[in-house]
Amino acid sequence: MRPTFAGSGGLLAFWVLFAGLLAYLLAGPGGLTWTEALAVSVPLCIVYHFVCLSAFYSCRATPIERAGWIRLTFTHLTAALVASAIWILVAKILGEVLSSFSRFRGLDARLPKSYPLIFGLGILLYLLRVASYYVRFSIEASQQAREREMKASVLAREAELRALKAQVNPHFLFNSLNSISALTSSDAPKAREMCILLADFLRRTLGLGEKASIPLEEELSLIRSFLAVEKIRFGARLRMEEEIDKNALDVSVPPLLLQPLVENAVAHGIANLIEGGSIRLEARCENGALSIAVENRFDPEAPPKRKSGVGLANVRQRLEARYGHLASFRVNRSGEVFRVALEFPAEREARTS
Amino acid sequence: MTREAAEKIRAIIVDDEELARQVLREFLGSHPEIELVAECANGFEAVKAAAESKPDLIFLDVQMPKLDGFEVLELIGSDAVVVFVTAYDSYAIHAFEVHAVDYLLKPFSSDRFDAALARAKDRLGSKMPPAAELAAAARPPAQYLDRIPVRDGTRVFIIPVAKLDYAEAQDDYVALCSEGKKHLKQQTISGLEASLDPARFLRIHRSYIVNLERVARVEPYGKDTHVAVLTGGAQLPVSRAGYARLRSFLDK
Numbered sequence: 017m018r019p020t021f022a023g024s025g026g027l028l029a030f031w032v033l034f035a036g037l038l039a040y041l042l043a044g045p046g047g048l049t050w051t052e053a054l055a056v057s058v059p060l061c062i063v064y065h066f067v068c069l070s071a072f073y074s075c076r077a078t079p080i081e082r083a084g085w086i087r088l089t090f091t092h093l094t095a096a097l098v099a100s101a102i103w104i105l106v107a108k109i110l111g112e113v114l115s116s117f118s119r120f121r122g123l124d125a126r127l128p129k130s131y132p133l134i135f136g137l138g139i140l141l142y143l144l145r146v147a148s149y150y151v152r153f154s155i156e157a158s159q160q161a162r163e164r165e166m167k168a169s170v171l172a173r174e175a176e177l178r179a180l181k182a183q184v185n186p187h188f189l190f191n192s193l194n195s196i197s198a199l200t201s202s203d204a205p206k207a208r209e210m211c212i213l214l215a216d217f218l219r220r221t222l223g224l225g226e227k228a229s230i231p232l233e234e235e236l237s238l239i240r241s242f243l244a245v246e247k248i249r250f251g252a253r254l255r256m257e258e259e260i261d262k263n264a265l266d267v268s269v270p271p272l273l274l275q276p277l278v279e280n281a282v283a284h285g286i287a288n289l290i291e292g293g294s295i296r297l298e299a300r301c302e303n304g305a306l307s308i309a310v311e312n313r314f315d316p317e318a319p320p321k322r323k324s325g326v327g328l329a330n331v332r333q334r335l336e337a338r339y340g341h342l343a344s345f346r347v348n349r350s351g352e353v354f355r356v357a358l359e360f361p362a363e364r365e366a367r368t369s
Numbered sequence: 010m011t012r013e014a015a016e017k018i019r020a021i022i023v024d025d026e027e028l029a030r031q032v033l034r035e036f037l038g039s040h041p042e043i044e045l046v047a048e049c050a051n052g053f054e055a056v057k058a059a060a061e062s063k064p065d066l067i068f069l070d071v072q073m074p075k076l077d078g079f080e081v082l083e084l085i086g087s088d089a090v091v092v093f094v095t096a097y098d099s100y101a102i103h104a105f106e107v108h109a110v111d112y113l114l115k116p117f118s119s120d121r122f123d124a125a126l127a128r129a130k131d132r133l134g135s136k137m138p139p140a141a142e143l144a145a146a147a148r149p150p151a152q153y154l155d156r157i158p159v160r161d162g163t164r165v166f167i168i169p170v171a172k173l174d175y176a177e178a179q180d181d182y183v184a185l186c187s188e189g190k191k192h193l194k195q196q197t198i199s200g201l202e203a204s205l206d207p208a209r210f211l212r213i214h215r216s217y218i219v220n221l222e223r224v225a226r227v228e229p230y231g232k233d234t235h236v237a238v239l240t241g242g243a244q245l246p247v248s249r250a251g252y253a254r255l256r257s258f259l260d261k
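From first to last, the protein sequence lines are chains A and B. Count along the first sequence starting at 1, add 16, and that's the number in the numbering used here. Count along the second sequence starting at 1, add 9, and that's the number in the numbering used here.
Hints are not guaranteed to be accurate.
With a Cα cut of at most 25 Å, we get these calculated PhoX-like pairs of lysine-lysine [claimed, not checked]:
id : chain 1 : residue 1 : chain 2 : residue 2
1  : B       : Lys-136   : B       : Lys-172
2  : A       : Lys-321   : B       : Lys-17
3  : A       : Lys-321   : B       : Lys-194
4  : A       : Lys-206   : B       : Lys-17
5  : B       : Lys-194   : B       : Lys-130
6  : B       : Lys-172   : B       : Lys-190
7  : A       : Lys-167   : A       : Lys-262
8  : B       : Lys-17    : B       : Lys-172
FYI, nobody ran anything at the bench for these hints, they're computed from the structure.
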């Protein structure tokens with residue numbers, strides 16, 4: 017950060033006004049003619065503008081939040097006295113130089129009467145400049161803090177999304193492996209089938225992590241392979257219903273957006289029902305928007321849930337991060353039915369194949 | 010032979026997944042000294058089976074419909090040796106380790122199962138640690154109870170904490186008063202206090218915890234003490250320390 021001419025419009029206006037004021041004071045109480053007053057005040061103001069820029073360095077060397085009041089007062093008062101003394105010196109030289117022209121003869125004799133005025137104004141101006149730098153510093157500091165905060169929250173969200181994409185719920189994984197372990201002795205072909213289904217699901221999950229979006233059809237197929245694994249685990253307790261519009265299949269969706277919803281429906285819904293239930297999946301594309309709903313029965317008096325997978329909040333955040341206010345996310349519990357409904361703009365990728 | 014049969018160890022298996030029960034059944038098959046007396050697919054069945062068939066040994070899943078493993082343990086008392094079975098639950102595993110309760114992580118080998126069984130047999134007849142303490146240790150941080158299961162014979166009642174008016178200590182039990190009824194539960198009042206949200210429940214007396222939403226007013230009673238009058242009309246004694254706590258809460 018250096019002293020710059022940023023905001024110079026306001027500064028210029030200030031100096032023009034001040035040069036006018038100084039000329040008025042020199043002409044009135046100072047007893048100069050208007051021409052003389054202007055000839056002195058304009059160059060003086062130009063010079064003093066540059067002298068005052070030095071306040072930048074003394075302000076930066078004495079940060080207001082850390083330096084004590086005594087040090088602040090001493091530093092800036094000394095600097096103001098010095099700056100103003102330089103100003104007087106410049107005024108004196110200017111008066112002498114101008115006097116050599118016939119028009120301003122005798123100016124060097126009449127000007128000293130105004131020295132106290134110039135000196136006082138010099139101190140005042142310098143201190144004003146000090147104050148304005150401190151204001152500017154604090155504004156810049158708070159802007160930087162805000163930017164840092166924003167950057168940090170963006171980074172945190174990105175990290176969260178990365179983690180979300182890579183996540184396979186360990187509960188799902190270990191329970192599936194346990195089912196396979198059971199089947200190896202009672203039904204070996206079924207154990208092999210489950211191994212393959214599980215591998216298929218894991219492979220797809222890994223592959224999807226890097227993609228920004230996939231056709232809905234692919235997400236649905238991922239969900240089906242997830243449910244095929246869970247179906248072996250839960251047997252007749254888990255049933256599936258689908259109502260998917262054909263024209264929704266090629267709409268682009270963020271990968272693994274719906275799978276957590278279905279996983280939730282199993283873990284918080286079906287798994288808590290003794291007799292099980294069905295998970296209903298709907299997708300519709302109308303007026304340029306894709307609406308998706310996942311619905312399942314649940315037990316309102318289920319045991320309190322112990323920490324589980326990724327959760328609805330994360331899906332909502334991903335939708336928000338991607339579509340902003342164009343997306344909606346609604347959760348509805350009525351009686352024993354739990355329903356999550358999403359709606360977001362239907363974007364389609366040009367077919368490359 | 011008859012004598013041996015009489016000494017068989019009675020075991021039950023509790024897991025909501027058929028395949029998970031199948032593994033346990035299969036591994037138990039190679040231990041003729043164990044008699045499998047019941048298989049249960051949810052918490053309610055487990056409480057009923059435990060009351061009816063008085064098992065010595067229980068293999069208990071943690072996540073189940075109706076009641077989870079900790080709630081089941083709370084309701085069946087601590088006479089049977091329990092081996093917990095879970096797929097993945099870092100808080101629960103921490104609690105098992107702290108209280109030296111054996112557990113099996115799914116999927117487990119027959120060797121691991123045999124080791125757990127051998128350890129369980131050594132402990133037959135010794136008591137399990139208090140279930141409420143175990144459950145409290147297994148609860149994720151900053152989470153409080155939102156329901157309390159109680160048992161009457163083989164029947165189970167679930168009291169949502171929002172419907173709990175107050176709790177009163179009675180020797181080794183607490184009486185939970187909810188909607189005009191009293192349910193007895195084997196637990197200390199301090200244990201109950203620790204598992205309830207302190208922003209909603211307050212210990213107002215050595216023997217009483219009150220639901221703050223139910224307190225209609227507090228009146229002086231005698232020289233140093235007060236009574237809390239609940240919206241339902243019940244009057245509970247408030248100790249001096251309890252009154253200070255109540256005051257600081259009401260002033261907030």
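Holds or violated: Lys-167(A) to Lys-262(A), with C-alpha atoms at most 25 Å apart: Violated, at about 41 Å.
Restraint check for Lys-194(B) with Lys-130(B), where alpha carbons must lie at most 25 Å apart: 28 Å, violated
Pair hint Lys-321(A) and Lys-194(B), alpha-carbon separation not exceeding 25 Å: 23 Å, holds
Given pair status - Lys-17(B), Lys-321(A), alpha carbons within 25 Å: 36 Å, violated
Pair hint outcome, Lys-172(B) versus Lys-190(B) [Cα-Cα no greater than 25 Å]: Status holds; Cα separation ~11 Å.
Hint consistency between Lys-136(B) and Lys-172(B) [alpha-carbon to alpha-carbon, up to 25 Å]: 32 Å, violated
Distance restraint between Lys-206(A) and Lys-17(B), which requires alpha-carbon spacing of 25 Å or less: 35 Å, violated
Holds or violated: Lys-17(B) to Lys-172(B), with C-alpha atoms at most 25 Å apart: Violated, at about 44 Å.
Hint check: violations occur at hints 1, 2, 4, 5, 7 and 8; the rest are consistent with the structure.
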